[in-house]
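Q: Quick note: the sequence shown uses the working numbering, first residue 1, plus one each step.
Because the hints were derived from the structure by calculation, they are not lab data. Positions of the beta carbon are idealized from the N, C-alpha and C atoms, including for glycine.
The list that follows gives simulated cross-link-like pairs (lysine to any residue, SDA-like), each with its CA atoms no further than 25 Å apart:
hint: 1; residue 1: 14; residue 2: 45
hint: 2; residue 1: 14; residue 2: 24
hint: 3; residue 1: 38; residue 2: 13
hint: 4; residue 1: 40; residue 2: 13
hint: 5; residue 1: 10; residue 2: 21
Each pair of labels, with its calculated beta carbon distance range:
hint: 6; residue 1: 18; residue 2: 46; range: 10 to 20 Å
hint: 7; residue 1: 46; residue 2: 9; range: 12 to 22 Å
hint: 8; residue 1: 20; residue 2: 60; range: 20 to 30 Å
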Amino acid sequence: MSSLWARVIKNWNKKDVLLFSDGVSAELLPVSGGGWQKGKLRLRLEFVPDSPPEENAELLLAEGEEPESDPAVEGGENLG
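All chains, please: the whole structure from these sequences, using the hints.
A: This is how it looks when you write it as structure tokens:
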């Protein structure tokens, strides 16, 4: 683990952790108007491996998720 990452984790407090779990109370002023909108701010980090799409689909199916359709091969066409 890098020393920078270790320092970041060491200095986290409960509010920082809430950003990734329940979220923290926030207000947003939409550009479209309508005034302030209350809600929660939550961050989500996602790692996307550089593996072939077939391997990713197998992993998703093993986890019970639906794989995303590839527009290039949608409808059963094989362009490769």
